[in-house]
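Novice: Chains as they are written, first to last, in my numbering: chain A, 1 to 141; chain B, 1001 to 1381.
I should point out that these hints are in silico values taken from the structure, not numbers from a laboratory.
Keep in mind that the hints are not guaranteed to be accurate.
As the list claims (entries may be wrong) - Computed far set for chain B versus chain A, every beta-carbon distance over 12 Å:
| # | residue |
| --- | --- |
| 1 | 1051 |
| 2 | 1061 |
| 3 | 1066 |
| 4 | 1079 |
| 5 | 1099 |
| 6 | 1115 |
| 7 | 1183 |
| 8 | 1190 |
| 9 | 1193 |
| 10 | 1227 |
| 11 | 1242 |
| 12 | 1264 |
| 13 | 1268 |
| 14 | 1311 |
| 15 | 1360 |
Stated by the list, open to error - With a cut-off of at most 30 Å between alpha-carbon atoms, the simulated DSBU-like pairs for lysine-lysine come out as follows:
| # | chain 1 | residue 1 | chain 2 | residue 2 |
| --- | --- | --- | --- | --- |
| 16 | A | 7 | B | 1118 |
| 17 | B | 1231 | B | 1357 |
| 18 | B | 1230 | B | 1357 |
| 19 | B | 1357 | B | 1264 |
| 20 | A | 132 | B | 1118 |
| 21 | A | 7 | A | 78 |
| 22 | A | 38 | A | 63 |
| 23 | B | 1360 | B | 1264 |
| 24 | B | 1118 | A | 78 |
Claimed, not checked - Which chain A residues face chain B? A few, computed with CB under 7 Å, are given here:
| # | residue |
| --- | --- |
| 25 | 10 |
| 26 | 74 |
| 27 | 76 |
| 28 | 86 |
| 29 | 130 |
All C-beta atoms, glycine included, are put in the ideal place defined by N, C-alpha and C.
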Amino acid sequence: MSETYNKPLPRLSAANQPFLDAAREGRLVVQKCQSCGKARFPAASICSNCLSPDAEWIDTSGKGTVWSFCFFHRQYFKGFEAEIPYNVVLVQLDEGPRLYSNLLGVANEDIRAGMRVRAHFEAVTAEATLVKFMPLNEGEE
Amino acid sequence: MGAHAMRNAAAVVGVGHTSFGRLPGQTPYDLGAWALREALADAGLKHTDIDGLIVSRVPDYQRFGEMLGINPRYTAITPGQGRMSGASIQMAAMAIAAGMANVVALVYGNDGRSVGEKYGGENDRYGGGDGGLWFPYGMTSPGAAHAIMFQRHAELYGTTSEQMAAVSVAFRKHASMTPHAVMRNPITVEDHQNSRFIVEPLHLLDYCLINDGGVALIVTSAERARDMAKKPVYIRGFGQGTELAGSNLPPDDFWHAPMASAAKDCFRMADVTHADMDALMVYDNFTPTVLFSLEGAGFCPIGESGRWVQGGRLELGGEFPTNTSGGHLSESYMQGWALNVEAVRQLRGETGQRQVKDAKLVFYCCAAPLCTSIIYGSDAQ
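Make the full structure from the sequences, and use the hints.
Specialist: What follows is the structure, given as structure tokens:
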């Protein structure tokens, strides 16, 4: 945590606030339709599978698989200067939803689609915790 | 009404555009009006002949109609997205076939370069507006989404950046023969590979060129088209497909399913085959989009595009000369509009050094959450 953190902070709609609140507590949550059970993220007012408006937030395993990735050489946001080229990974959670994030603990050239990863919570300000990912340890599934 | 009733029901009889580049002080309305003047002159029509008006990226149809001083029977506006160029042209053909209009002006104006349009950063809305969730991780821009898609394609099928370079090289070669193209110096695969990464694996030379400009087309009924100043170019077939579900993130299938649907309907309406195409106009916001489109539209097998585009296949003189004006990568990013103009000019035989000999059929397509395709033909048979 740093007073000088100057990267963009999450701009969440009110609907996504539970995601941020849970991240602060070290939990990765997604919405689950209370009618058909389909998991979704980002938050939506209805389920795209059955159109039910009824949903709850559920804890996920925090585990997933890298779907694909890229490396930013151009700086679009302040705060990233020192990290260019930085990675962005698209992770598919075991529960289904996908989210963009950063993969820590591995060199860019070693990132591959299909890598197994787990959530890693990084408190960047008093209010905001980002959900990043780390490779699963040997033997973990 | 079956597909056959629409085949060659409408024709493009006028095309026009501004110069492309940095055109400060010109609003999208001004750029659209400039392009429209060119298109009307090309067709031998007056603005008072227009009874249908479709605008895109020109912010307001009402204001534009007021500027022109016209009261069209039919009017519509489409969002300023590139996928809407083909969709708008299809709307014009349908409005004409329905009898709602007989002379439709399609007008596009884009001041993106002068106003410093950014496709990445705090104002990025690509992917449906979830960007605020991902900015903290540095994720932004349609270019990055396409980089991620290309990386996925590479992992699944072994496609390489060196293979993809053939697309950029071909389009630049064509731009070198296009007087109004913005980037005309030929490039090599090595130049492509040596150009800096923007969002790796995409290099600078995989990105389209943001510029100012306007484009206009005049579409009318086949019957009326016979009396125009220039040889009509018939809208022989068209189709659409969408992949809106889940479209806040990159698609699993590189838009193959909606592009296949768009192409299938288009070829069926046109009653021609892929091999009949004399040239292709493939929406090239980023180089990988061309690969995905060729696969989805059925020009090459899924996953084979990287190998398929080798050996000059997309170059003039090759099997399917593609984006013969240079496309978005080298002519200018006119969001599909100028590619449709180039299709018309090829079929009229107006393209000089870059002319495809005896061109009779040209296929246009755009891959995005809304996929479109159009086949243009030089005769009404």
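Novice: Please flag the earlier hints that this structure goes against, numbers listed from lowest up.
Specialist: The structure conflicts with no hint, since it agrees with every one listed earlier.
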